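Asks: Chains F and V, in that order, are what the protein sequence lines are.
Here my numbering is used: the first residue of the first sequence is 560, the next is one more, and so on.
Here my numbering is used: the first residue of the second sequence is 3, the next is one more, and so on.
Keep in mind the hints are simulated off the structure, nothing from the lab.
All of these numbers come straight from a predicted model, not from anything done at the bench.
Mixed in with the good hints there might be a few duds.
As the list claims (entries may be wrong) - In silico lysine-lysine, DSSO-like type, Cα no more than 30 Å apart, as pairs:
#1 V:Lys196 - V:Lys16
#2 V:Lys269 - V:Lys191
#3 F:Lys824 - V:Lys303
#4 V:Lys303 - V:Lys269
#5 V:Lys363 - V:Lys107
#6 F:Lys666 - V:Lys363
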Amino acid sequence: MQADGGHSLRLSDTRLAPIWEKVQARERLDAADGLVLLETEDLLGVGRMADHAKRRREGDRVYFVINRHVTPTNVCVLSCSFCGFARKPGEAGAYEHTIEDMVAMVKDGVREVHIVGGHHPDWPFEYYERMIEAIHQAHPNVQIKAFTAAEIDYFWRRWKIEPKEALGRLKTVGLRSMPGGGAEIFSPRLAKLLKYTGKADPERWCEIHGTAHALGIPTNATMLYGHVETLAERVTHLVRLREQQDASGGFLTFVPLAYQVATTKLAPRQTPPADSLKTIATARLMLDNFPHVEAYWVTLGEEIASIALNFGADDVNGTLEDERIQHLSGAQTPAGVAREQLLRMIHDAGKVAVERDALYNVLQIWN
Amino acid sequence: MELSAATLARIADKALSGERLDRNEGHDLLVEAPLLELGALAQAARFARIPDKRVTFVIDSNPNYTNVCVTDCQFCAFYRKPGDPEAWTLTVDEVLAKIEFAAAKGATTVLLQGGHNLALPLQYYLDLVSETRRRFPQVSPHFFTASEIQTMATVSGLSVGDVLDRLWAAGQRTIPGGGAEVLSERVRKRIEPKKGGPAAWLDVHRDAHRRGFKSTATMMYGHVETPDDVLDHWDAIRELQDEHGGFTAFVPWSFKPANTLLEKWIKQHQGPNVYLRMLAASRLYLDNFDHVQASWFSEGKRAGQVALCFGADDWGGTLFEENVHKAADYVNTITVEEITTLIREAGFTPVQRTTTYEIVKAW
């Protein structure tokens, strides 16, 4: 297939033809295009367009990182309807890690530590600051990716520390990047319905990411899909992220998160693979200014994550030695998948596996 | 290395105009075609053959009558040698109890197979068929793979043809396609030297098709085969299908290495992208097969759903009982309700079928 040579695709949905023209001409897709991409039954048509866009950027490369999740606490003042992880203070199963515990959880072979937790009612901001500092000092070669925009916003709500100050202070003690969680779906309707109004709203979420970008802290962006949102709401979410990226430019990766049906039951069943594959492909096509789109194997399962590498995704996240949040919600994949399994997922898709660090510096190519 | 757009377009034109693909083109599809281009082409071929958005499934069970076997296949975790403390053989009544269990759950097909147990007389097999027919007329006895039929010939001193005639007289009309593995001299010598070359499997199916039996063609890949071996397999079954049209479907699945002799060299089974490629390429290459089956059982339910967009039009069965994959530590179960839900979620209409792919009813 030539890169941009007017290659004709056999499309079973004629609505895709004008979109394919735009993709080949590198024209930006609009919200109406995004909706067609999510609605169409021509799964492979959308996939082939996204694969084209992905190859144009990254060729056959697919990235992964040796990483570790640390979840400081599951105590949370919020009651988001989709979360099977949070506990109230004193509730059975609630836990709080000490800084020493967390330092010990990180091993030196790990390249990235991903730190996300509940909105704890009492922990002062200084505790988070000391946590980052201690982990950084004990493991200077491990890049720290920590705290969603929702948590940064909570430092303001709880302790009146402005995001700019919080992020600046955290960066000083070792924070290198920010995860993309807490975005959920950018929709006031759903924020109310799913009880996440107490959390950074879309404008606030984007503002905090913009602040991070201005401070030289790259970030990710997520979207929680497959529950009660509409396809149009997904498109709105993607368009808003794209606007923010135009404005601040610091997003590395878009990570669509398939809602896990288990202890919380917003949907009767997990969304089918075709929907996840279309969502990943649509994201690759709509988010023309995002360097990377991830197939997060924990929520997709290894099979569909591997297939998604032919539908526009160029990253599978990492080895994830601990993934409490998704697992308590019932993700069906074994925790702590080793590098070998990630390599199998990537190689099965016929791709070249590139081991990266948190900032996408290439460490090693595995063939 | 990837195919040029021109080559791909030429293959597409040929395949969709009903012209037969040659071996080089088959090789291109298996090795070089971009996966989703291949899938879209296979899906077009699928709808050309089966225009409805229906996906069929069968209510079935796969019990076994013995695990005693003398062929020592390297890929098999199920068998035990004669005299092994874990060896077992069921009586006709014990097998019938399993068929009763399946029938009670609505099965219309029972796929019965077992090891090559030289201690069992031909009458045992004939009794299994005739008793099943007598006691459970709603169940189609889809019994005995090619090499078991050869074993019956060996123990009875009859020809394969005569054995098939007796099975027919007892009421059997279809034969399962297991035991093909990869129909290539090289591969079969390596992984199942005592089972004979491709002709051993093909001759039994040919003899059966001549007599009016229908059968399936399977392929177990992901061990020592090369793309050329796969093409040997496809050429062989495509030619045989030209002769009598006796194959109902092609059913590929990936080899599961746990607890087998091959596990020493092959640690993992092949993944979903390789499976989708196999399935899509087979749909295009096997231009005289009506049906290609997506194996939710061996590849996983989610990969099975995706496979319905890569040329497959059948979901396989409920497999109420299954022991061969289980021996390789691979277990997967499903209900009729889940099957219909999964097929609908994937955008298709679930339709129950018989062993020979006749429609029973839409769900």
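Asks: Are the hints correct? Go through all of them and say.
Replies: Tested hints:
no., hint, in the structure
1, V:Lys196 - V:Lys16, "violated, 40 Å"
2, V:Lys269 - V:Lys191, "holds, 21 Å"
3, F:Lys824 - V:Lys303, "holds, 21 Å"
4, V:Lys303 - V:Lys269, "holds, 22 Å"
5, V:Lys363 - V:Lys107, "holds, 16 Å"
6, F:Lys666 - V:Lys363, "violated, 58 Å"
The structure fails to meet hints 1, 6 from the earlier list, while all remaining hints are met.
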